[in-house]
Every structure is written in structure tokens, then in C-alpha cells.
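Q: Kindly produce the complete structure, drawing on both the sequences and the hints.
Chains as they are written, first to last, in my numbering: chain H, 51 to 502; chain P, 832 to 913.
Certain hints may be false.
What the hints assert, rightly or not - Quick look at which bits of chain H chain P covers, simulated, 3 or more residues with Cβ under 8 Å:
{"hint": "1", "region": "54-62"}
{"hint": "2", "region": "367-381"}
Unchecked claim - Take a look, some chain H residues computed to stay more than 10 Å from chain P by CB distance:
{"hint": "3", "residue": "83"}
{"hint": "4", "residue": "156"}
{"hint": "5", "residue": "249"}
{"hint": "6", "residue": "250"}
{"hint": "7", "residue": "256"}
{"hint": "8", "residue": "268"}
{"hint": "9", "residue": "288"}
{"hint": "10", "residue": "293"}
{"hint": "11", "residue": "316"}
{"hint": "12", "residue": "411"}
{"hint": "13", "residue": "436"}
{"hint": "14", "residue": "438"}
To be verified - Capping the alpha-carbon separation at 20 Å, the derived lysine to aspartate or glutamate pairs in EDC-like fashion look like this:
{"hint": "15", "chain 1": "P", "residue 1": "836", "chain 2": "P", "residue 2": "870"}
{"hint": "16", "chain 1": "H", "residue 1": "374", "chain 2": "P", "residue 2": "888"}
{"hint": "17", "chain 1": "H", "residue 1": "293", "chain 2": "H", "residue 2": "240"}
{"hint": "18", "chain 1": "H", "residue 1": "374", "chain 2": "P", "residue 2": "884"}
{"hint": "19", "chain 1": "H", "residue 1": "374", "chain 2": "P", "residue 2": "893"}
{"hint": "20", "chain 1": "H", "residue 1": "374", "chain 2": "P", "residue 2": "876"}
{"hint": "21", "chain 1": "H", "residue 1": "54", "chain 2": "P", "residue 2": "884"}
{"hint": "22", "chain 1": "H", "residue 1": "53", "chain 2": "P", "residue 2": "884"}
{"hint": "23", "chain 1": "P", "residue 1": "878", "chain 2": "H", "residue 2": "57"}
{"hint": "24", "chain 1": "H", "residue 1": "479", "chain 2": "H", "residue 2": "57"}
{"hint": "25", "chain 1": "P", "residue 1": "894", "chain 2": "H", "residue 2": "414"}
{"hint": "26", "chain 1": "H", "residue 1": "53", "chain 2": "P", "residue 2": "876"}
{"hint": "27", "chain 1": "H", "residue 1": "53", "chain 2": "P", "residue 2": "853"}
{"hint": "28", "chain 1": "H", "residue 1": "310", "chain 2": "H", "residue 2": "105"}
{"hint": "29", "chain 1": "P", "residue 1": "894", "chain 2": "H", "residue 2": "57"}
{"hint": "30", "chain 1": "H", "residue 1": "293", "chain 2": "P", "residue 2": "893"}
{"hint": "31", "chain 1": "P", "residue 1": "907", "chain 2": "H", "residue 2": "240"}
{"hint": "32", "chain 1": "H", "residue 1": "293", "chain 2": "H", "residue 2": "246"}
{"hint": "33", "chain 1": "H", "residue 1": "401", "chain 2": "H", "residue 2": "441"}
{"hint": "34", "chain 1": "H", "residue 1": "54", "chain 2": "P", "residue 2": "863"}
{"hint": "35", "chain 1": "H", "residue 1": "53", "chain 2": "P", "residue 2": "889"}
{"hint": "36", "chain 1": "H", "residue 1": "53", "chain 2": "P", "residue 2": "910"}
{"hint": "37", "chain 1": "P", "residue 1": "894", "chain 2": "H", "residue 2": "441"}
{"hint": "38", "chain 1": "P", "residue 1": "894", "chain 2": "H", "residue 2": "378"}
{"hint": "39", "chain 1": "H", "residue 1": "54", "chain 2": "P", "residue 2": "853"}
{"hint": "40", "chain 1": "H", "residue 1": "54", "chain 2": "P", "residue 2": "911"}
No lab work stands behind these hints, which were simulated from the structure alone.
All C-beta atoms, glycine included, are put in the ideal place defined by N, C-alpha and C.
As a plain string of letters, each chain reads:
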Amino acid sequence: MSKKLYERPIIRPLHTGLMNKFGTRTEYAPMTHIEGASVAGLIEQYGSPLFVFSERQIRENIRSARRAFEARYPKVQFAWSYKTNYLNGICNIFHQEGSWAEVVSRMEYDKAKQNGVPPERIIFNGPDKTEDDLRTAIHDGAPIHIDHLDELYRLSELSAETGKRPRVAIRVNMDVGVYPMWDRFGFNYESGQAWDAINKIMTTGKMDLIGLHTHIGTYMLTPSAYGVAAYKMADLAIGIQQKYGKTIDYIDMGGGFASKNTLKGSYLRGTDVVPEISEYAEAICSALLNAGFQNNQLPALYLETGRALIDDAGYLLGTVVANKRLSDGRKATILDVGVNILFTSFWYDHKVSPAQEFGSHTEDTVLYGPLCMNIDVVRENVTLPPLNAGDHIVIHHVGAYNLTQSMQFIAMRPAAVVIDKTGNAHLLKRKETLHDLQHNEMTPEYLNTFNL
Amino acid sequence: MKLKKNVAVSETGFLFNPSTGDSYSINPIGMDIVNMMHEGRSKDEIKRRIMADYVCDESTFEKDFYDFTLMLRNYKLLEENA
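A: So this is what it looks like as C-alpha cells:
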């Protein structure tokens, strides 16, 4: 007689009529394959942890976002937000789908240029552009989105010095009825700062004001807020037309559309509460189309959507290091995935699935990372089947910000692969090595030796 | 290591402690262990039986059995002198 499959013995108290802080749902449906590629096989080939991206999902996301906006507005242009995920392979999927680049630093600007994006299609945002950055952007003809008056005056000086007219937009912040109000970037609409900046640009006559830009927040769950923002942006654009006879080329509504992740503390899952892209599109496009633009003066609509287009296309594979029992009886599972590579676990309750088949019994578990740090908690509470050391897990919706914001700490950062449409994995970034880490280190001669 | 006499164990994986009114669910391998404890079998007997019935090595059994009995004790389901 063949032996039965072993599962760790577990006992679970049954509570009736009480709220369970671990939640009522279970998330233990196993995920053994991603886009046809075996999780175990990927880990065997590339190691654990491992970031995995689905090319199919990325293309589907950008195509459906384009459809949602292009069905409602005649001139739409997406620009890939590099800071969300700037692995070159990922950026190039978006570029293949027609997205321009939106960057917020010189490093990102250079990266986009190296990827082959024409500079006039690289939107240069952000508060920290050096004089050299501005010179380069002016020379290249890239659209520069002005964040503050210092930058505006610097551009004016550089224009006089170089004899070239920078192509600029101003970033506008505003009250759209959502708390907190993002007023640290750009010029304020309600207080008149935005008009002051516009007047300075138009009266000096040294720059071409080609656009208006706003970005009202991040993980915005209220599409109507975008409608308010679009209306105010249209009001500025129409005002510029009326006052200066200048037609603005584009209104850039930024990004901030929520991904399907679940925010910590949220009663309902992200998949249940996050608006569809079409709801954002409806709010923005309706406001612009109804704003009163003359037929031939309708500006193009630029969008810099990041997380909503990449989060659900990214997975982080990991392995169970050990199990332990905490002093209060809770089960704790230690993973090889730490918060240093899963930065978003500080604000999301990421969905976690086992990567192998299990029985129907589950345990309430705390998921810890491998860092020797108390803050290294991947999930404070999650209901999972009994995981054994060596078992694999899949963490969902990790495509946005985790690679760009990851920290190297006590171990080397993992590799990243993309699964193509035929289920084949391609390396996007190999696992870092000690050589990578120490490449820029210098040890003074007198510190080279010691006696113990 | 013995389960309290008054603890009721069903065949379908439910365990009821009438002294406290608490009930618990147990997975199949946990049921096997609890039933053997109910029969008064020793830890070594339980180990032999589990290793004969399941794909399980000794060290895995040892650490998981330790954790399982820790929880049984935590829920006050074992005899005091067990």
C-alpha cells in the first residue's frame, strides 16, 4: 500500500459569531504555474526569491487602458512612468504598445533615451532637475514640466543663454476634494500660483508653453476627483487661449489610478473596491469634452498611469524557510522574501498563494521575511494551508515600485524574469552578486589588514 | 501524553471540549494523532504509525509533533500530568 501525502498536523479553534482579525476568506488556492511556466521550475532555474512578470498581462493592461480612453477622447497619449518599474524589458513592452516615457530624474531620462525613446517623447517631470539636466532637455527638445519658480527662472536664464526656447508645461496642484491634498508639487490652482507661473512664462516670451500637467495623488479610489481636476485644467487651458491666444497642445492628467491591491486596514479586497480604468476615463474625458473647448482647440490628453498597468502583472516567488510558534500561540512562517524587496508590503496586504497542492485545512499565520529586523513582516495575518520548510509561495500584485524601491540588505537582490506569450521565461535582470555590491567600494590601504 | 477523557472527538475532524465549550477543527493527520492519543498510545508508537502511513521523515515528525502537542496543551486538551 502506498503511503499518504504528509501534511503538518494542525488544530484550529472554531469561533462562531465573532469577528476574526485574520479575516473570513482564505487565500490558499494553489498557484503552481504563472502563464504556463511552473513556479517550481522557475525557482529551480533562477533561484528564490524571484520576480516574475507576465508579458500578456502587461499588454492586456495597457491595451484596455488605451481602449477605455481612446473610445472617449480623440487624442490620447500614454507615457510609461519609469519610476514605477524601470527594468528596460518592461519599459520596452510599454514602448512597443505606443507609450512614451515619463521620467522624474536624469537617470530615468538617460535610461529612456538609451531605450530608444525620442527625447521629444520623454516627459521630464520632478522637482530635482539640475542645470545640466535642463540644458540637456532643452537641447533635446524634451517637454519639461516645471515644478517650482526656481526652475522656471532657471529655464528662463538658460533660454537667454542658449538662444533656444524650452518646451515647457507647468505642473498644477489643486483641491479635488480628496484628503490629503497633494500640494507639494507644482503650482497651486486655487491660490493663483498656477496663473502667476503661466503669466511669467507667457510674458517673458522665452519659452513655449505647450502643456499643463497635474497629478492629484496616488492609489486614488475616487474617479470623480479626476473629473474635478480635468475641469480645472481645462479652465486654465481655455483661460490661456482667451488671454494670450495660445492653444495648449496637451493636458497631462498624470497617474495615480489604483491597482487591484488591498490597502492595509481596508475591509474589502482591492479587487472589490478599486474602480475600473473606464471609470477614470469617463470622469476625465467627460470633463474635458464638456469644458467648452473650441473644436480645433481640444488639447491632447496625456496619461502617466503606472501602478494600475503593471501591479497585477508582477509576482514575487518565494520559499518557506521555517515555521515557528509565537508566544501567544500564533503560527509564524519565515519566508526568504523580506520587506527590503517587497517595499509595498508596508501599505498593502498582498495576496499570498501556496505554489503546491494542499488539503482543505488552514491556519492563521504571520508571514515574516528573512531579515534580522523586527519590521520585516510581509503579512501580519493571513490564512494559509500548513506550509512546510522548502515549500514555495507566490505573492501577487507586486509589479509596481518594488523593483525600483528595493533595498539591498544583508543578502543580494533577486533576479527578475518575464514570461512571454508562449510560456517561456526570459531574464530581465540577473540576481545581484557580491561583486555588484562591492564594485564601488574603496578600502583605504591602512584598513586592509588586521590581526585577531 | 493523553487527551483529557471528557474531550469528544468526531470522525470528521471536530473536537469538542465540554469543560470549556470550545470546539476545534483538526486536519486528517492531526485526527490520526489525536485518536492514537485517545487510545493512550505512547509518542514512539504514534511516531512509528505516522511514519508507516505517511511520507514523513523522523525529524519532520518530531518538530511537527512538538508543535501540535504544544497547541493541544495550550488549548488545555491534554491531561495535566501528560
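Q: Looking at the structure, which of the earlier hints fail to hold?
A: 12, 13, 14, 18, 20, 24, 27, 30, 31, 36, 39 and 40
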